[in-house]
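Colleague: Given next are the chains, with one letter for each unit.
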Amino acid sequence: MTSDQYRGNLRYAVDIVLCIDVTESMTPVLDMVKKSALTFHERLNLVMSGKGKEISQLRLKVIAFRDFGDFAEDAIKETDFLVFPERAADFDRFVRELFASGGGDVPESGLEALALAINADWERGLDRRRHVIVMFTDAPAHPLHAPEAVTAHTYPQGIPGDLDGLLEQWGYARSQTAVMENAAKRLVLFAPDAYPWNEITEEWNMTLHFPSVAGQGLADLELHEIIDTIANSL
Amino acid sequence: MRVGDVIRGYRIVSEPTNSGGGRCMWAFAQRGGRDYFIKRFLDPKRPKEGSTASARSVRLRLEACEEFERRHRTIMGLLRPDAVGGGNLVLALDFFHDGTTYYKVTERIHTARTPPPRVLTPLRKAVLLRTLGLSVELLHGVGVVHGDLKPGNVLVRQSRAAAYHIAKLIDFDDAYVSGRPPDREDIAGDLVFGAPEWRRYVHGDADVPPEWLTTRTDVFSLGLIAHHYLTGALPGFGDRYASPADALNEGAELRIDERLSAPMRGLLAAMTARSPEVRPDTRTFLAVLRNPAVCEVRAPYLTSPGSRTRMSRPTRERQP
Amino acid sequence: MTAVLIEGLLGAPGEGTVWRYDGDDLLALGVWTERSRGGGEDAEPLFAHRVSTAEGILGVFDGLGGSGSTAACELSDGTTRSGAWVGARLARLGVASWFRGGHAPESLRTRLVEVLRAVPPPRPSKIVSSMRRWLPTTMATVRYRLTGGQAECRVLWAGDSRAYALSPGWGLQALTRDHTDETDGLEQLICDPPMTNVICADQEFTIDTQVLLLPLPSVLLCATDGFHGYVATPAHFECHLLRAMQESCDTREWAERLVRHVLGYTGDDASLSLVALGYPGFDRLRADFAQRAEQVEARYGGCDRPAEEEAARRWRTRTWNEYRPDYERLMPPPVEPL
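Residue numbers (my numbering), protein chains in the order written: chain X, 868 to 1101; chain E, -9 to 310; chain S, 14 to 351.
Quick caveat, the hints were computed from the structure, so don't treat them as lab data.
Some hints could be false.
[Claimed, not checked] Here are the computed lysine to aspartate or glutamate pairs in the EDC-like style, where the Cα-Cα straight-line distance is at most 16 Å: (1) X:K918 x X:D1031; (2) X:K902 x X:D994; (3) X:K944 x X:E964; (4) E:K38 x X:E1035; (5) X:K920 x X:D1095; (6) E:K38 x E:D88; (7) E:K158 x E:E127; (8) X:K944 x X:E921; (9) X:K918 x E:E53; (10) E:K38 x X:D959; (11) E:K38 x X:D994; (12) E:K38 x E:D25; (13) X:K920 x E:D229; (14) X:K902 x X:E964; (15) X:K920 x X:E1015; (16) E:K158 x E:E97; (17) E:K38 x X:E1069; (18) X:K920 x X:E909.
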């Protein structure tokens, strides 16, 4: 082994998108989700350093969602990918301002939020990447392009027409249509065992589902599962 | 998969978790009164019955699943649970898909809380390392690379009080045939315990072809585990680097703990050499361990015995 | 490092304790004997080695009973010990802590003064003679550091305890020169001259020093006069060392044989600290010295030593003159009287 192109340590990029349901029914648990989000960075670093590992670049993004069919104006609110720790203050401000309200009927626009997360501007550089989407919701979701939602002027453009289309974007080992990188991605669902989360868990790869009971919040939310998921996969 | 579910007759008896599991969820299970460990793979997933996805999507996913099955069955074919000396390899007893998802079942290893290996006597350390070495040798003997050797994949077990501690080697899901590793994007391995050539391969270094990833890649990790078991720490590699492999790839040297015996230092230095071809094989590892004295860890400061008495009272003139 | 109690040879008075260490490229042994149980005024021989920096120290300390025996100390175990007994142990303690602290060679004297001054002397009026010192002891130590195939040695001593190097090519080579007016090694044996400098709590003393680079492998030892002061010629000490080595099959046995040998010839407490640096094991050490052991035994061992006194004296002078150049090759030059 004489020739050596090697320069520098392996650099790990971790991107995390937190999709947070901020409808009325989330009131009992939103504070806990917010607290989890705010302490996430520190806890991840702690676990990683305990394993003797280091993340070279950490970015977080938040997508807060309600229901396009209920009220178009505040159906989606999102940040860019915020580099930590430099942009931690922006992240904190955004998360602290989240409050639970609205939502209309039981299903929410969680799939649109997921579609936006999948199509986020993921880091493609560095040596190894971990792209994690975490969904916090206590409700099922409307199908994509539901008639009452799609008429909203804020409805996102260019997202797939149905769950099959979204799966093609999520991808699989030999997929040529995926927008996610197969080895890098993880989807962690803190969601009820209901459509579409049960179907996604069944058929999508790299997906972990921690079921909550619909309408009763995320009483069993266990942040350490996400942190473990990231820390163990590096 | 959740507590109480029954999958192919295996009843899930613990909360499934991803903890330490990488690309799987795992739980304990029971069937026919026996305890099992069950793994639910996150990838690949088979298309569900009556999938409305395109035929092409279904075909591509099925192809990936066939390749996954083939790889697992090849390794399972090479590693028979009934092989001589195979008792400390925790091998798959069952491998199947239930619906869209793949599962693997092994025996459940009951590990009581055992002390960290570094506090064991030299003889016990030698036995522990030999059981681990024998398991790895068995893999290497059939040309299989474990691919993810690290303390987390070694269960230290003591069958009864005062018995020797033995190592049970687990998780062969990332195993591959020597010289034929998975693609750079897909290969598993540990950031800390991985070998220099593995790091370069993952890094996309074109100078490291797949053929360089062989059983000697495991030997590097085994050397680090042995150092960790003996001393409680990895060899020194400096603050500037994230891992021993990084340090070596940057031209730095590993500092083997000087408290270790000379034969052990020599062995571990060779096992953790940057170049795979100079690393010894597991037979050498086992041969050195035949003498338990090599597992002694000396005090960092030696001092000869002296007087234990202390002055306690004022001095006085002795009367003649 | 475990200590083992060794009984003397049948009929020989006294008993001894040995310790030994067999490490990688590092063999060490210590021998400590006393003429009467509990009264041994030599401190236990010192050896300490710091693995991380590859440096160590060996040393011996001989509490001077003649000049310090009248005053005594009571110890925590209720026993009473002579000032000489205490002085030797305190000096050992001072040297060990000085080494452990990694201090400069120049600070050793200060450290020893600190340690010895901590023990209150008996009422001053009682000490009248300049011959009577408080906590008097000799010292011979070698502090070494292994670097690039060499042992960098700093020899520090006071009084008539000695440090030596031992090699197959040159035999036993003194690294210290006794603090006595008589500088001839054979004369010193014959007349046991008074010491001009010893460590003590109540009078000025100096620590003599010299620095040497010795090639590895190397054997270093320190011994009190119980070992080297009761032999026919300086060469006989080497004979004892090598004979015991050649008769032994491991370091421990070598140490045990040294106890039995010394109890057979000495008239005093005797202690010795020895380290073999760069030898992979005792077998190799013994093999390396096999030829030298035969030579020195044949030349000086005493088989052809005349019985008649005058002839014996001439024989001693002749063999000493023959032995002396190699023995003194590393010895510091004598200090010329002003």
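Colleague: Now tell me, hint by hint, if it's right for this structure.
Modeller: Cross-check of the supplied hints:
no., hint, in the structure
1, X:K918 x X:D1031, "38 Å, violated"
2, X:K902 x X:D994, "31 Å, violated"
3, X:K944 x X:E964, "11 Å, holds"
4, E:K38 x X:E1035, "14 Å, holds"
5, X:K920 x X:D1095, "13 Å, holds"
6, E:K38 x E:D88, "10 Å, holds"
7, E:K158 x E:E127, "13 Å, holds"
8, X:K944 x X:E921, "31 Å, violated"
9, X:K918 x E:E53, "36 Å, violated"
10, E:K38 x X:D959, "41 Å, violated"
11, E:K38 x X:D994, "34 Å, violated"
12, E:K38 x E:D25, "29 Å, violated"
13, X:K920 x E:D229, "12 Å, holds"
14, X:K902 x X:E964, "12 Å, holds"
15, X:K920 x X:E1015, "47 Å, violated"
16, E:K158 x E:E97, "11 Å, holds"
17, E:K38 x X:E1069, "8 Å, holds"
18, X:K920 x X:E909, "14 Å, holds"
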